[in-house]
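A.B. asks: Keeping the supplied structure of chain A fixed, place chain B with the ligands upon it in accordance with the hints.
These protein sequences, in sequence, are chains A and B. Just so we're aligned, residue 1 is where the first sequence starts under the working numbering, counting upward by one. Just so we're aligned, residue 1 is where the second sequence starts under the working numbering, counting upward by one.
Derived by calculation from the structure, the hints in this document are not laboratory data. A portion of the hints provided could be inaccurate.
[To be verified] Using 30 angstroms as the maximum straight-line C-alpha spacing, the simulated DSSO-like pairs for lysine-lysine come out as follows:
1) B/K398 with A/K71
2) B/K324 with A/K86
3) A/K10 with B/K311
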Amino acid sequence: MGSNSLHVLKGIDFSVEEGELVAIMGSSGSGKSTLLNILGMLDELDEGTYDLDGVPIKDLNETKAANYRNKFLGFVFQSFNLINYKSAMENVALPLYYQRVGRKERQEKALKYLEQVGLKEWAGHLPSELSGGQKQRVAIARALAAEPKVLLADEPTGALDSKTSYEVMDLIQKINDAGNTILIVTHEPDIADMCKRIVHLKDGVILEDKKVNQVRAAQYV
Amino acid sequence: MFSRDNWKEIFETIQKNKLRTFLTGFSVALGIFIFVTLFGMGNGLNNTFMKFFGSDATNIFRIYPSQTTLPYGGYKAKRRIEFYNEDVEEIVKEFGPLIQYISPRISRGASVSYKNKSDNYGTEGVGPSMQFAEKTIMMKGRYLNANDIRDRTKFAVIGRMVEKDIFEGTDALGEYIDISGSAFKVIGVFQDDGGDNEERTIFIPYTTRQLIEGNNNKLDQIVLGFNQAIGYNGAMKFDKKLNAFLRNKKTINPDDPRGVRIQNVAENLKENQQVASVLKIIISGIAFAVIISGVLGISNIMVFVIKERTKEIGIRKALGATPKMITGTILLESVFITTIFGFVGLILGIVVLNFINGKSLEEDYFITNPEINSGTAIFVTILLIVCGALAAFIPARKAARIKPIVALRDE
Ligand SMILES: Nc1ncnc2c1ncn2[C@@H]1O[C@H](COP(=O)(O)OP(=O)(O)OP(=O)(O)O)[C@@H](O)[C@H]1O
Ligand SMILES: [Mg+2]
Numbered sequence: 001m002g003s004n005s006l007h008v009l010k011g012i013d014f015s016v017e018e019g020e021l022v023a024i025m026g027s028s029g030s031g032k033s034t035l036l037n038i039l040g041m042l043d044e045l046d047e048g049t050y051d052l053d054g055v056p057i058k059d060l061n062e063t064k065a066a067n068y069r070n071k072f073l074g075f076v077f078q079s080f081n082l083i084n085y086k087s088a089m090e091n092v093a094l095p096l097y098y099q100r101v102g103r104k105e106r107q108e109k110a111l112k113y114l115e116q117v118g119l120k121e122w123a124g125h126l127p128s129e130l131s132g133g134q135k136q137r138v139a140i141a142r143a144l145a146a147e148p149k150v151l152l153a154d155e156p157t158g159a160l161d162s163k164t165s166y167e168v169m170d171l172i173q174k175i176n177d178a179g180n181t182i183l184i185v186t187h188e189p190d191i192a193d194m195c196k197r198i199v200h201l202k203d204g205v206i207l208e209d210k211k212v213n214q215v216r217a218a219q220y221v
Numbered sequence: 001m002f003s004r005d006n007w008k009e010i011f012e013t014i015q016k017n018k019l020r021t022f023l024t025g026f027s028v029a030l031g032i033f034i035f036v037t038l039f040g041m042g043n044g045l046n047n048t049f050m051k052f053f054g055s056d057a058t059n060i061f062r063i064y065p066s067q068t069t070l071p072y073g074g075y076k077a078k079r080r081i082e083f084y085n086e087d088v089e090e091i092v093k094e095f096g097p098l099i100q101y102i103s104p105r106i107s108r109g110a111s112v113s114y115k116n117k118s119d120n121y122g123t124e125g126v127g128p129s130m131q132f133a134e135k136t137i138m139m140k141g142r143y144l145n146a147n148d149i150r151d152r153t154k155f156a157v158i159g160r161m162v163e164k165d166i167f168e169g170t171d172a173l174g175e176y177i178d179i180s181g182s183a184f185k186v187i188g189v190f191q192d193d194g195g196d197n198e199e200r201t202i203f204i205p206y207t208t209r210q211l212i213e214g215n216n217n218k219l220d221q222i223v224l225g226f227n228q229a230i231g232y233n234g235a236m237k238f239d240k241k242l243n244a245f246l247r248n249k250k251t252i253n254p255d256d257p258r259g260v261r262i263q264n265v266a267e268n269l270k271e272n273q274q275v276a277s278v279l280k281i282i283i284s285g286i287a288f289a290v291i292i293s294g295v296l297g298i299s300n301i302m303v304f305v306i307k308e309r310t311k312e313i314g315i316r317k318a319l320g321a322t323p324k325m326i327t328g329t330i331l332l333e334s335v336f337i338t339t340i341f342g343f344v345g346l347i348l349g350i351v352v353l354n355f356i357n358g359k360s361l362e363e364d365y366f367i368t369n370p371e372i373n374s375g376t377a378i379f380v381t382i383l384l385i386v387c388g389a390l391a392a393f394i395p396a397r398k399a400a401r402i403k404p405i406v407a408l409r410d411e
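This is chain A alone, in the form it adopts within the complex (with noise of 0.2 angstroms):
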């Protein structure tokens, strides 16, 4: 991995302040994704800084990296990335006994996340018996079950056609309302429009970084 490097992210210089709502964009390839995992905790910067909630991130040990990824943050990935031979509830409880919750509260829990989602008759099937929209939302859920500080989603729209995927925003647009803070990668404008700044990435650095009305998704729906 090391032997060849490629830069990727060529001088990423911006913050998000507590409660923003923010839609990266950018056309494929761009880094959309590379920027969302190093935010995430799941890569590691080569170059520069990255301070979260006042805490530079470098080189921490793996505990603490665990605390914030379990506490801090929440991920929706690209490629879903659900464990295949658990159930859609006990995928969405996973990181809630990591949490240390109980297994009765777990469980209810993920219900009351999977509900939200629209899957909770769902519940017990497992990720090969899901259509793609359905493992997406399988994945949000998981993200929000955690209810972390910091959501970022990483095109949680794109498996879905537009009905659901104004019920997703019009759930990602409450949790904010709620005081978190969400970044979503996406390529639908529409998408992009429901949040409140969009940053446009092209080949690593930022082309465009905007405030915008946000569009409420509960009217669509």
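C.D. replies: Chain B with the ligands only, in chain A's frame:
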């Protein structure tokens, strides 16, 4: 780490990955099973060996006459040497204090019948002392005594199997059997640790045998029990002196490889013990190799299993699992599986050893009481569990340390 919740998570993982669990468990169970059965069989082989060579007394010389091969003292080669009754007396006169007991022996096959049942058995014309040499155990009645020898009685002491075969369960004591045309009274029934074949023998006074064969005084063999106080070295010296004495008496070339032969059980015993210990070393070596290959097999499967789980480990890390939690869970999982299946293999092995234990195994394959002592079995099982845990721990720790993004990329 050992909370109920943790165990539940582990059971779930085990339950939902049945094939993986089975593969790991199977290799552990098989390893232990092969070890236990192999080791048990090896011990059984050793038991047979010890029994075969250990059932007769160990302080014995068997003295045989045979044809000479060299001319000596005016005699030509190829002279047949014979032993007579007075030879026994002269040996006693010469070596008295060294001798614990001595008995002539005349072996003849004979057709033996009782009522309308008959069969062929080996008869042994012997003296009373033969009971000590053969370690014959009387079940009922008595053995031959000095009066029987003096009076040339037609008395017979028969083996347990002879009674079983031709008396078909009825009491043989006091009955008359026909041995090659002469009627003998059964005065005793014996058993012998040496197995069924030794229990298919009939002992009669050697003087009676000589009477039947034309009132001669020839002997086939002389069996001598030396005084055990003289020790191994004393026995070797006695062996030499006795040999020289007999060669002098019978005028046999001292360098003749034949003429007279003394089979010294003390010497055999030493050789047998060496063979037995070599046998033990070979068995231990094979068993050790089985364990090593078992450990390698488990390690292989563990590496494979964890490789397969790299992505899952990445997901778990992204959701906030610490490397410690991940390695801990995988470790517990593998210890749990290896323990359960290890003991399954152990129990199966012991069951099989007990099941195959029997007469036919003993007679056809020379395996007596295949067994494994519980200490060895449990030690090896624990060894395999520890190795399994280690084999899981090393790759698991490696996987738990890589960056989540790298683990997630794994397909
Ligand atoms: N594992 C990797 N090894 C080497 N290069 C990589 C790797 N992953 C991504 N890249 C490169 O980094 C660049 C940015 O990739 P990234 O996944 O961040 O793009 P993206 O903006 O998320 O694109 P998309 O919209 O298609 O998801 C790409 O040029 C890609 O070739
Ligand atoms: Mg991407």
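A.B. asks: Compare the structure with each hint and give your call.
C.D. replies: Each hint, compared with the structure:
1. B/K398 with A/K71: holds (24 angstroms)
2. B/K324 with A/K86: Holds, at roughly 22 angstroms.
3. A/K10 with B/K311: It holds: about 29 angstroms lies between the C-alpha atoms, which stays within 30 angstroms.
The structure is consistent with each of the numbered hints, conforming to all of them.
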